[in-house]
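Colleague: Starting from the structure of chain X, add chain E where the hints point.
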Amino acid sequence: MNDRFNLSRFSFYRFASPAIFYPLAGKMIPWFIAAAVLFGLAGLYIGMLVAPTDFQQGEGYRIIFIHVPTSWMSMFIYLIMAFWAAIGLAFNTRLSGMMAQALAPTGALMAFLSLWTGALWGKPMWGTWWVWDARLTSELILLFLYIGYMALTAAIDDARRADKAGGILLLVGVVNIPIIYFSVKWWNTLHQGSSVNLTKSAMAEVMLWGMLLMALAFWMYSIAVALTRVRTLILERERHTDWVKAELEGVSK
Amino acid sequence: MIYWNSFGDFLAMGGYGLYVWGSFGLTALVMIIEPIAVARQRKTTITRLKRQLRAESRSHEA
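Here the protein sequences come in this chain order: X and E.
Quick note on numbering: the first sequence equals residues 1 to 253 in the numbering used here.
Quick note on numbering: the second sequence equals residues 1 to 62 in the numbering used here.
Chain X extracted, bound-state conformation (with noise of 0.2 Å):
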């Protein structure tokens, strides 16, 4: 028994430990850009050169192509960080902080992105930038979250109580997260509704696999750049351990 639980220790502890997660990161890494290169074009292909008008909003539905990935990769990149303040504030984990602190730069510019084409979507269609509707307003404040953790963490010096702090904002914040998907339905907005349904899909088929392709594209974007980051973090926050004062040594040559 407490053979076992060892053993399970140890494999929780080597995954969790920044000196194996950062090589194998490093391996990852030219993975994720290739493959975020190759769904890009091939969504950007199908989306923006093969698929047809829309009979409803002409040409400028083609935002679709980049409003709804940004918006679920913003929603997305927020719930893994609240993953991972939930695993470091349970576990005290080291690398769950530098995962949450890697992320949430890229998590704000999908919110933003995803505010700024919904804008640039409302202006034509609905005749104006911006509502104060539940979708947007929602979508607003995630965008705030994200600000307001960065601005948290970086306030204090700490690092490990900077990840604490920045888990329990992470954690209060999630909230805003079934407001912002449910938002459609709960109240009314001028937001269209999901177009994107498991039985039926309000979309043509090759509309909707230009934007799956372009949903991956920014999935494999984000994890690329997040491994970059959480990669220096690393480096900065483990600067006294043997094996980071050898990889910088290492790096020189």
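Check each hint, because a few of them may be wrong.
[Said to hold, decoys possible] Covered stretches of chain E, as calculated for chain X (at least 3 residues, CB under 8 Å):
#: 1; stretch: 2 to 10
#: 2; stretch: 20 to 31
#: 3; stretch: 34 to 40
#: 4; stretch: 47 to 61
[Stated by the list, open to error] Simulated pairs of lysine to aspartate or glutamate, DMTMM-like, Cα-Cα distance not exceeding 25 Å:
#: 5; chain 1: X; residue 1: Lys27; chain 2: X; residue 2: Glu249
#: 6; chain 1: E; residue 1: Lys50; chain 2: X; residue 2: Glu238
#: 7; chain 1: X; residue 1: Lys245; chain 2: E; residue 2: Glu61
#: 8; chain 1: X; residue 1: Lys27; chain 2: X; residue 2: Glu236
#: 9; chain 1: E; residue 1: Lys43; chain 2: X; residue 2: Asp157
#: 10; chain 1: E; residue 1: Lys43; chain 2: X; residue 2: Asp158
[Claimed, not checked] In silico negatives: residues of chain X with every beta carbon more than 10 Å from chain E:
#: 11; residue: Ala151
#: 12; residue: Asn176
#: 13; residue: Ser195
Source of the hints: derived by calculation from the structure; they are not laboratory data.
What you are looking at is a predicted structure, and each value in this text was computed from that prediction instead of being measured.
Glycine is no exception: its CB is placed at the ideal position from the N, C-alpha and C atoms.
Modeller: Chain E only, in chain X's frame:
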């Protein structure tokens, strides 16, 4: 296979050019600038950490 009749049509986006290209343009810009910023930050961090490491080892020797 290709939906557009001409490159001009493609650019005009049926009159929605400003909105479509405004969306794609800024997104492309962000996805170029962010990786450059991340790579640059990594470089400056490594340079700074290496300098600190050298300073530390010198002070140990002294």
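Colleague: Now tell me if each hint is right for this structure.
Modeller: Going down the list of hints, with the structure as the test:
1. 2 to 10: Our answer is that it holds, as 4 residues pass the Cβ test (under 8 Å) against chain X, meeting three.
2. 20 to 31: holds (count 8)
3. 34 to 40: With 4 residues close enough to chain X, the hint holds.
4. 47 to 61: holds (count 4)
5. X:Lys27 with X:Glu249: With a Cα-Cα distance of about 19 Å, the restraint between Lys27 (chain X) and Glu249 (chain X) holds, given a limit of 25 Å.
6. E:Lys50 with X:Glu238: holds (13 Å)
7. X:Lys245 with E:Glu61: holds (16 Å)
8. X:Lys27 with X:Glu236: Roughly 19 Å separates the two Cα atoms, so the pair holds.
9. E:Lys43 with X:Asp157: holds (22 Å)
10. E:Lys43 with X:Asp158: holds (23 Å)
11. Ala151: holds (18 Å)
12. Asn176: Label holds. Min Cβ-Cβ 22 Å, cutoff 10 Å.
13. Ser195: holds (16 Å)
Checked against the numbered hints listed earlier, the structure breaks none of them; every hint is satisfied.
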